[in-house]
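Undergrad: Quick note on numbering: full-length UniProt numbering labels position 272 of the sequence shown as 272, and the sequence is numbered without any gaps.
Rather than coming from a laboratory, the hints here were simulated on the basis of the structure. In this text, all values refer to a predicted model and were calculated from it rather than measured experimentally. Hints are supplied without guarantee of correctness; some may be wrong.
Now the in silico label distances, taken between C-beta atoms and shown as ranges [to be verified]:
no., residue 1, residue 2, range
1, SER283, GLU71, 48 to 54 Å
2, GLU300, GLN221, 57 to 63 Å
3, LYS86, HIS306, 17 to 23 Å
4, LYS86, ALA332, 42 to 48 Å
5, GLU300, PRO335, 16 to 22 Å
6, PRO203, LEU298, 39 to 45 Å
7, ASP280, PRO199, 24 to 30 Å
8, GLU87, THR311, 42 to 48 Å
No residue lacks a Cβ here, since even glycine has one placed at the ideal position from N, Cα and C.
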Amino acid sequence: MASSPNTSTLPTPRKKDESFFDKVGGTLGRRKSKKEALELQEEGKNAIDSPSSPTKADVGPEGYLLEENEERSMIDPMSRDDPKLKELIKLLLEWINDVLADDRIIVKDIEEDLFDGQILQKLIEKLANIKVEVPEVSQSELGQKQKLRVILEVINRILNLPRLGTWNQQKWSVDSVHSKNLVAILHLLVQLVRHFRAPIRLPENVRVFLVVVQKRDGMLQPRRVPEDITGTNEDVGGKFERDAFDTLFDHAPDKLNLVKKTLVTFVNKQLMKVNLEVQDIQSQFHDGVYLVILMGLLEEYFVPLHSFHLTPTEFDQKVHNVGFAFELMQDAGLPKPKSRPEDVVNLDLKCTLRVLYNIFTKYKDATVA
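Use the sequences and the hints to build the structure in full.
TA: What follows is the structure, encoded as structure tokens:
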């Protein structure tokens with residue numbers, strides 16, 4: 001059964017995902033000469049190029065600040081030259097600048113301009129039409145992280161991540177974003193693009209390689225692992241095979257109106273049991289409340305009021321309600337809806353009709369009690 005909308009504290013982000021070589025450059029630089037630091041950095045790179053030969057350098061905690069079995073990772077420099085990655089970054093920059101055009105904000109570098117959270121705050125406020133209350137701008141690292149934490153928590157709630165069991169390993173965190181981790185920032189932006197159905201087509205199958213260094217038995221053991229930033233557009237609902245509703249919308253408006261009337265009649269046949277009535281499918285189902293109530297009536301159970309937002313006002317509350325209704329549908333044996341909760345919340349009539357027709361085909365013979 002679906003989870004309650006009560007927003008619990010988000011999981012504490014993992015330890016700072018800062019680059020291993022940033023550690024080398026930052027920590028050793030204070031203790032050794034610049035030349036020695038560069039030599040150590042070069043030795044680490046050589047270890048990466050020859051993974052069968054672990055590095056022999058001093059790897060004590062004082063040198064690299066790595067505990068036993070602890071890992072550090074960085075993007076392989078060669079991956080930065082990948083044409084698909086460059087195209088993805090270019091598209092994301094253009095999209096951000098388009099969204100923030102009214103604010104006269106120009107973002108030129110994803111890593112340098114987004115790490116402190118100020119641009120991310122403006123972006124999510126614009127996309128979700130909300131206001132994020134954050135501490136005053138601070139130049140201190142602690143202050144920046146406090147502000148960034150608030151912003152990322154808001155974004156995660158909107159993306160509905162706490163309820164997604166597949167996200168058991170967070171793709172981004174306060175520390176990874178603040179440390180200008182390109183991969184973490186890209187994961188975040190790609191999810192925002194997909195969630196809000198941005199009018200851009202992301203390049204498919206963008207993959208980078210990470211250099212992961214782990215300390216085992218007092219030695220640094222490097223390995224090179226792939227990390228997928230985007231998959232195929234089909235995987236995220238970018239494409240669907242055309243169905244009857246596509247044909248109705250394109251070629252048969254009269255029949256479309258008949259289908260709408262049929263669905264309204266079907267829905268009201270159930271909702272009248274609790275003195276509710278629907279007149280406009282597009283607007284009255286977009287917050288998910290009627291969908292939840294409808295499923296309870298059809299399956300003959302009472303849905304606890306704490307399980308959904310009865311009077312939702314925020315975008316993420318409405319998304320939760322529709323997503324919760326989708327879970328109730330699947331619990332009842334209905335196939336997973338093709339539409340996304342965000343599509344229904346965004347008043348996408350075709351997607352809403354698909355959801356209701358899915359219900360109608362299963363319960364059309366239901367009678368009034």
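Undergrad: For each hint, tell me whether it holds in the structure or not.
TA: Okay, the hints, checked on the actual structure:
Distance hint check for SER283 and GLU71: the Cβ-Cβ separation is about 50 Å, which falls inside the suggested range of 48 to 54 Å. With their beta carbons about 59 Å apart, GLU300 and GLN221 fall inside the hinted range of 57 to 63 Å. Our hint of 17 to 23 Å for LYS86 and HIS306 is violated, since their Cβ atoms are close to 48 Å apart. Remark: the range hint 42 to 48 Å for LYS86 to ALA332 is upheld by a beta-carbon distance near 47 Å.
Range check, GLU300 to PRO335: about 21 Å between beta-carbon atoms, so the 16 to 22 Å window is met. A hinted range of 39 to 45 Å for the beta carbons of PRO203 and LEU298 is consistent with their spacing of about 43 Å. Separated by about 26 Å at the C-beta atoms, ASP280 and PRO199 satisfy the suggested range of 24 to 30 Å. Checked against the given bound of 42 to 48 Å, the beta carbons of GLU87 and THR311, roughly 44 Å apart, stay inside it.
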